[in-house]
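K.L.:
Given next are the chains, with one letter for each unit.
Protein chains: 2
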Amino acid sequence: MCSVSLSKKRVTLLRREMSNLQFDCFICRLNSNIQYLTANSKVSNGEFVMLIPLDSQPILFTPKLEEERVKEEAKNIWVEVLGGEEKIEDKILLKILELKAKKVCFDSLSFNQSKIFHKKLSKVKIDCKPEILLNLRKIKDWEELKALKKACRISDKAMEIALEFLRVGVREFEIAAEAEYAMRKMGAEEVAFKTIVASGFRSSFPHAGNTDKKVRDGETVLIDLGAKFLGYNSDLTRTVFVGKPTQTQIKVYRVVLEAQDKALKNINVGMVGWEADSLARKTIEEKGYGKYFIHGLGHGIGLEVHEPPRLSAKSMDKLEKMNVFTVEPGIYLPKKFGVRIEDTVLLTEEGLKPLTVCKKESY
Amino acid sequence: MCSVSLSKKRVTLLRREMSNLQFDCFICRLNSNIQYLTANSKVSNGEFVMLIPLDSQPILFTPKLEEERVKEEAKNIWVEVLGGEEKIEDKILLKILELKAKKVCFDSLSFNQSKIFHKKLSKVKIDCKPEILLNLRKIKDWEELKALKKACRISDKAMEIALEFLRVGVREFEIAAEAEYAMRKMGAEEVAFKTIVASGFRSSFPHAGNTDKKVRDGETVLIDLGAKFLGYNSDLTRTVFVGKPTQTQIKVYRVVLEAQDKALKNINVGMVGWEADSLARKTIEEKGYGKYFIHGLGHGIGLEVHEPPRLSAKSMDKLEKMNVFTVEPGIYLPKKFGVRIEDTVLLTEEGLKPLTVCKKESY
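Protein chains in written order, with our numbering: chain A, 1 to 363; chain B, 1 to 363.
Since the hints were derived computationally from the structure, they do not count as laboratory data.
All values derive from a computational prediction rather than experimental measurement.
Treat the hints loosely; a few may be bogus.
What the hints assert, rightly or not - To give an idea of the interface, some chain A residues facing chain B are shown, with a C-beta separation under 8 Å as derived from the structure: (1) 68; (2) 109; (3) 116; (4) 119; (5) 120; (6) 122; (7) 207; (8) 358.
All residues carry an ideal CB built from backbone N, CA and C; glycine is no exception.
Next up, chain A with everything else stripped away, as it sits in the complex:
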């Protein structure tokens, strides 16, 4: 079990941004952000709200039914428990008034909630800037990296198990079940996302999910899976051919592998997202498959499976040291098959360091 221990370093980083933007109060409603600021605690699995004033003690608002759990786990954070049917919005309103805050920022705010706040806080300027914490979260620290590495090790092992289990006649969801079971037994708190096991023509759908379709001889099978460990996610894809692959299958596979290799070897600190993307995209275009690479090269990963930086054709996101993201080129031939090869990687001064290291077939 983790304790709900405020990360002083991360709160300081947030306050620096608040100060720059002249916010005197920041309100976190997203579980991922609360988890980030409470140093990877599990407290965020519930309907919590965290309020961070610029100059005073952060407060965690907690529903009544979470009171005992949070008290058990809370170490250095002020907890305020909501009464039975008390509304969290009212608690926030009162606290903002009490703090005499003038400019308040949310990490997430709905249109309907904003109407309530605007009405009752007519003198307070209200803004919503999810990017503030997302930008901080782009740069992982060593503690985060440890959790990410463990999540990656779990997914590596699960992929091996899935590939061992794969054979003609087995159903896609059965392969997914084996991989997910393995991840849970290894201590993953849950799967990072719905496992993809896509066989045959279904491998041409980038987000295929898994169905009761049986795997047949000669088919392409694309497996995309991830584990969540202490809140941090991994993301890993391998594509294999059942039985003897055709010349086209081999050709497409080699192009994707070469594109990934090109990106893995050449992405560097200081590049922007589109430059990284173009390394793989050019390779695929040169081989004539450009129009079948229908998504970006990758995405940042951490407390959420998809977070900044984006590696896509138009992304201007700067790639920095200690970013963790995926590198996942793919070619999808409609009604035929698709190939994607994906690893989760860490960006260092010396270039990319793969965190998932599961074997890739070399057809």
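Chain A is already provided as a structure; the job is to place chain B on it using the hints.
P.N.:
Relative to the frame of chain A, chain B by itself:
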């Protein structure tokens, strides 16, 4: 695999509400609502937006990378594919202008998105009413009931497997892993929520999750699990004692069981949420445990695990025929143990019909 087939009946129900409230265009951004309107398709697992004009053909906006999957699955719905880096907001804006809509309603809208829409659609009235579709979704039809029943059967069986696996020395997450594996092998597309396996003092946390804590002799173990089948969720809790229970454990268990029984036998069509809640609450209060029943009696369940109607101390939600909800009284003694017994039930003219039927211990 399901086809993306528009549910004409459900769209008609939505349009009736739109007409009553004078909306000429409704925009669905929530996966659960898109799934509802497309008759339980799986198309909603992605970043889709559905636009339902009052008088013309509904449109499903689809990201480029989902194009082939949606085309494969789509039967009677108009699909518009977004180009590579096209923004969905721009597509919606253009369509609203093209339709000459005057009053547009969203099922979900963020503050930041609302600013964009208000700026660019200065003459259009914009509203967000999640309750419109949630209210329609409260009354299940036979097709939905079939999926719910299957989800319930899967969770019944998974609970049996978890309880068989439970023994001294086993870790909470290992029990959860067995239950989840069983659900997936039985065809659940995923778990409905993070499985709770809470042993000893941790059973006093209603939302305990599962940890690497080992189960010890004499402990209370609370298991709360659910399966998702064709999009529909089940929710089931059983509490057991490992070894010989104490008099207090038996006493608390019997109070919770009696409270649940009282509710199961007496909840009727036409009651409101608080009346249903009070059936169980009074029983628990009479035995002196009132202040330890720290949540509502239950919640509607369907495409989401928590949806209307609410059964809680102040809920005015009307209970109607073909509602499906949980009945789950609990007593949580801080630092000691907790007991919750929960079933997913269907409300009929003849009263409640349990959809989960897994055995309850009678200590």
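K.L.:
A separate judgement is required for each hint: does it hold in the structure or not?
P.N.:
We went through each hint and held it up to the structure:
1. 68: holds (5 Å)
2. 109: Nearest chain B Cβ about 4 Å off; hint holds.
3. 116: violated (11 Å)
4. 119: violated (13 Å)
5. 120: violated (15 Å)
6. 122: Violated - the Cβ of residue 122 of chain A stays beyond 8 Å from chain B, reaching only about 16 Å at its closest.
7. 207: holds (5 Å)
8. 358: With a closest approach of 21 Å, the residue 358 of chain A hint is violated.
Going through the hint list in order, the structure does not satisfy hints 3, 4, 5, 6, 8.
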